[in-house]
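Residues per chain, in single letters:
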Amino acid sequence: MYSPLEDALTIADKTFTSRLLIGSSMYPNNQIMLDSIEASGAQIVTVAIRRIDLAGGGETVLDLLEGDYHILPNTAGCFTAKDALLTAELAREALETNWIKLEVIGDRETLYPDVEHLLNAAAEMIKRGFIVMAYSTDDPITCRKLADMGCAAVMPLGSPIGSGMGILNPYNIEIIRAENDCPIIVDAGVGTASDAALAMELGCDGVLLASAVARAHDPVRMATAMRHAVEGGRHAFRAGRIPRKHHAEASSPKKGIIGT
Amino acid sequence: MSSIRINGEDKRIKAATVHDLLRAEDIDPGARFVAVAINGVVIPRGQWDSETVKEGDDIEIVRPAPGG
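Protein sequence lines correspond, in order, to chains A and B. 1 is the number of the first residue of the first sequence in our numbering; add one for each residue after it. 1 is the number of the first residue of the second sequence in our numbering; add one for each residue after it.
No farther apart than 25 Å at their CA atoms in a straight line, the calculated lysine to any residue pairs in the SDA-like style are these:
id, chain 1, residue 1, chain 2, residue 2
1, B, LYS54, A, LEU86
2, A, LYS82, B, ASP10
3, B, LYS14, A, ARG51
4, A, LYS82, B, ALA37
5, A, LYS82, B, PRO44
6, A, LYS82, B, ILE61
7, A, LYS82, B, ASP57
Pair ranges (Cβ atoms, derived):
id, chain 1, residue 1, chain 2, residue 2, range
8, B, SER2, A, ASP83, 19 to 27 Å
9, A, ALA239, B, ASN39, 51 to 59 Å
10, B, GLY40, A, ALA12, 23 to 31 Å
11, A, PRO28, B, GLY30, 25 to 33 Å
12, B, GLY30, A, ARG221, 34 to 42 Å
13, B, ARG12, A, ASP107, 33 to 41 Å
14, A, ASN169, B, SER50, 51 to 59 Å
15, B, GLU55, A, ASP148, 42 to 50 Å
16, B, GLY8, A, GLU174, 40 to 48 Å
17, A, ASP148, B, ALA31, 34 to 42 Å
Just so you know, these hints were derived from the structure itself, not from any lab. This one's a predicted model, so the numbers in the text were calculated from it and none came from an experiment. Beta carbons are placed, not taken as given, at the ideal position from N, Cα and C, and that holds for glycine.
Same shape as in the complex, but just chain B (with noise of 0.2 Å):
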């Protein structure tokens, strides 16, 4: 298990790849719309099967709302 940040929250987590932390947290790897940086890093779609996720690292993951 590693402790890691997702969006604002801590959390600890078994995950090797930025695609299992996003299976481990419910979210589609393959829904549209969808970014990821790690340690303000972005981590492009196609990078998600290998870039692998770090005790301690801070991940944001987005997708576009409403704005303005």
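Next comes chain A alone, as it looks inside the complex (with noise of 0.2 Å):
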């Protein structure tokens, strides 16, 4: 029988039984965004490192999901390698945790990663001793570059952050799965399941998203569907598709039809 266990998911030194990552932004409100992520069965929770509101305090997201979550820390908003650094080492300083989800864009209007400070800033922060996962565009160069220089998981976008276009180009993330040894798991883009499964169908070791959740009409129950989905395009993935052919292959005996 199967057992989530065996296959596991490892990044780094660590080894999650959910292949699927999720956000912390854009809910409603606190309580539909925890039960959302439990619902979601999700281990790793992805949070931002932002200015302090000098008007007031308050609880943070890191009190609500302490303690029952490995939290990641993104660099998002950042646009400079130089930005991207100094935010990772802030959220090593807040959270105490040497992991960290790079993302460099290059606009606001595509949220595009910038190749050339993605790769420059993941570079500094292996050698700074940082786990990156690193946020990428969708072409296997710059993922195979990313995985060489020891990044512990590569996440080429599907489609932009937020649009929910799944994943546009399928071939090129197999590609990607198909050369590089690290984990491989799809991030931005995913609009609903049947795209968190189609990146686990093509291969991906993982799935992170946070809009297609946060933003559905009902959140928690859009998280049962992603947890479902990821599962089952891992099934899927490890049974191993039939291949697609032109023509029908009838499924039922050919001998033995009345009337012939």
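Reconstruct the complex from the two isolated chains, following the hints.
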């Protein structure tokens, strides 16, 4: 029988039984966030690092999540390697973790990674002892460079962040999976459960998503759908799909049909 | 009084150390998950009592927030 432990996801020195990674932003309220994350089965939850509101304190997202999840800070919003590095260092100090989801974006319109800054930041972060999970374009060359330099995971986008467009170039994702040994996690663009299932069917090791759940009409239900989609897609990948053919092939016996 | 920049805002404050600065800004220096950088260098919490803030410093004070 299938056991999640038998098919665990290992990133750096940690092992996870869930292959779904989830964000903590954009939920209607904190309770729906907590319920959704729990329903998703995710063990890794991403957070951002932001300037403190000088007007007031209050509880942070960490106060809600701490202890139950592996917290993965990101460098979302950074446009340069320099800013990403400082954000990572601040995250390491604030959260006492050397794990970082590296994002360096090129513009606000597309939120596409700036590959030059991304590669420079990743190399420097690895040198400084970070465990880098790098959000990347879906081009095999950039992903290979990130994997070769020692990123703990390479995370190509399915489509632009928050677009819900799914996986626009499944052929590239397959190539990226085939060419690299480190975990490949589709990050960004997932809109609904079938997108997450496709990522897993293509052989990816995991899916990272945020908006698809948080902005769904019913986030908790969508989180449940994503959990099943990731698990289903993973099973399908391991089971091996049948080849596509141009002609039908009957599944019932051809012999003994009445009237022949 | 020193002119410094805190989280992108120019301010004039009377503060000798990072610890003093946080107090002056109504941030509890004992609050968890807070990190401080001065001029692009993170100041570890253990040095907040001794690290001094100087005229012209560019200071970032951060904490975790919901993210994707």
